[in-house]
Amino acid sequence: MTGTLLALTTHGDPLYAHGVGWFVWVVVLIKVLVAFAVLLVSVMLMIWFERKVISDMQSRIGPNRAGPWGLLQTLADGTKLFFKEDLLPERSDRFVFKLAPYLSLVPALLIFTVVPVGGIVTIAGHPFELQVADPPIGILVVLAMSAVAVYGVMLAGWSSGSKYPLLGSVRASAQMISYEAALGIVVVTVVLVTGSLSTRAMVESQSAAFWDWNVIRLGIVPFLLFLTAITAELTRPPFDLTEAESELVGGFHTEYSSIRFALFFLAEFMNVITMSAVVVTLFFGGPDGPVPHLPTFDVWFPTVWFLGKVLVFLFIYVWFRAALPRLRYDQLMTLGWKYLIPFSLVWLLGVAGFLVDGWWGLGVIVVGAACAGLLVRAFAIGRGRADQHGSMTALGARLSRPTLVTGSPLAPPIPPAPPSPPARPVTTRPVSGTEGEG
Amino acid sequence: MTPLLLASTRATIPDLITFVVCAAVVLTGALGVVMSRNSVHAALSLVLTLFGVAVLFIEQDAQFLAAVQVIVYAGAIVVLFLFVIMFLGVDREENVAAEPLKGQRPLALVLVVIAATGIIFLAATSHWVTGAHAVAGSTTAGGHSNTYLLGRSVFTTYLWAFEITAGLLVIAVVGAVVLARRPSQVHEEPRDARPAAPGAGGPGDAAVASPPVAAAVAAGTGASGSTTDDGERRPVPAGVTGRAEDGMDERVTGS
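Chains A and B, in that order, are what the protein sequence lines are. With the first letter of the first sequence counted as 1, position 65 gets the number 65 in this note's numbering; the numbers rise by one all the way through. With the first letter of the second sequence counted as 1, position 49 gets the number 1049 in this note's numbering; the numbers rise by one all the way through.
I should point out that these hints are in silico values taken from the structure, not numbers from a laboratory. Honestly, I wouldn't trust all of these hints.
Unchecked claim - Partial chain B-side listing against chain A, Cβ under 7 Å, derived:
1) Q1060
2) Q1063
3) F1064
4) I1071
5) G1075
6) I1077
7) M1086
8) G1089
9) T1147
10) L1150
What the hints assert, rightly or not - Chain A is nowhere near these chain B residues, computed Cβ spacing over 12 Å in every case:
11) P1014
12) T1018
13) A1023
14) V1026
15) H1041
16) L1065
17) A1067
18) V1070
19) A1076
20) L1080
21) L1101
22) I1114
23) F1121
24) S1126
25) V1135
26) L1169
The beta-carbon is built from N, C-alpha and C at its ideal position, and this holds for glycine as well.
Could you put together the complete structure from these sequences and hints?
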């Protein structure tokens, strides 16, 4: 664990080193347009990829009609959705209902701007980074945008004026907020060893050799925590309770149709791609990898490495979906608040300790392990009490469960009211009645 | 006015354009907050204002503050506002004609006149701090990044204030948790005559972490059954869930 305290200076894109001329404008414009187009096309391919891979895993064929190997299936679906009637539910809040899909899509696009997709390219004597923007607060943009993405989901559910979307959106936003904490702490761990918030600096600090990749340098745990947290953040399986079809019809987008519905899916798959790219940036050296020295082509090899690494994570997400069953809501919250956050905190302190001194690090690890043990013990005690507590009512709950399930989902089975309060009015009313009469 | 402003603050034309646009956005949002009849729209206007301020922070080279502004205020605080608004069922159009306080309109007018007079008086008599030098030094001193300098000053010069604030926030969180958990204990006691321990919640009890989220979660999970498969019963703050339902019912049937 070797923390290199870099000179904490602002580097930024060399493109802007000599002022902003027309060439800079053109380059920036091209970067933005290319990133936008590439993202849209890759979403199209990602949906096809997901459907094909999951079909293979389930011994089906999958889309195979539109284009070779069904490659154009997404395009066909998109065209169909585009020409569908656009319905506005009568009880919806029209303005917010129309706004919500864009609040999902824009953050998904913006996150990708800070991801370094390649090395430094020189065109006409002007070197520039293969990255749309390299702000000094790079990784905070990712966190800020994933915080903003909550609005799209939340407002979509609320503005539909319908119960299932509302329940789905509440689940989604509670889940996203809960896992954002763990996400942020793991990002801080990476920032500690990098010494900078810039994504480019993170990639550069991992570029010496592959054992300098953060996944190895930080111990493998932060990577696993991060992967779990962003899977929840993306509301992908196994954390997809927000659109649990068996319970909520379709989650927050139940009332959406036509192109607005398509926008939500666009945002969702775009988020999968950008978040995979963020994982690669934070833990796997981004575009880092052995580059053969070929004339004019070696500049583009990092990009190939980057794409390859992202593809691995895209596959992992599809694999998750095919292999893992959905978590229950309380399990989701337990995992987030009681395991991910304490573990990421202890690991953060451990990494900070090792950056100071080996002994400090060991001390922090020992103290952290002791605290974690106490915490687990406390959970066990709490759980044991809850079990004892619940054992009296467990039988009753099991028996009454079918009625709960078939009952109106909007009348949540609140723990049955304690017997005394209903009894009280019954006993008092005759008294008051007789008083009134007499 | 414009050349004067540019001359006195060494700002460039793009700076001025950014400022004007952001100021317009901030003011639009601020007016929206107080003038929207629907409280969700008001909360969204607040987000607009916060974004405008964040861009103004970037304009001032305070990138870290801008990011934190978006993450903390827009990403967490207003989201919690929205949770509360949605779950207390106050997300309807308000009847503006009704006056809960007698004579509040004339009183408001008087206060506005007093405040405006005060502002005009101050503007006329005192001198502006716009363009003055920062007390804590430049945001890009010595070629260091803004984040570095902020961290330096927070963890050295202003450490005491920083730690006090942190302590205050922890106290507030603990207090909120204690207040939020009390009803569930009261309700549980008569069910099985044994004292409900503070930690007696099921494993899905998120109240420890953040009460508003927990309340929302409790209400949201109601549909799938707050009685889980193990028969563990999670303490749902009865008052909160009940009201949430009322709110939703009104939404579905009323609005």
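Hint by hint, work out which the structure violates, then give me just those numbers in ascending order.
-> 1, 6, 8, 10, 11, 15, 16, 17, 18, 19, 20
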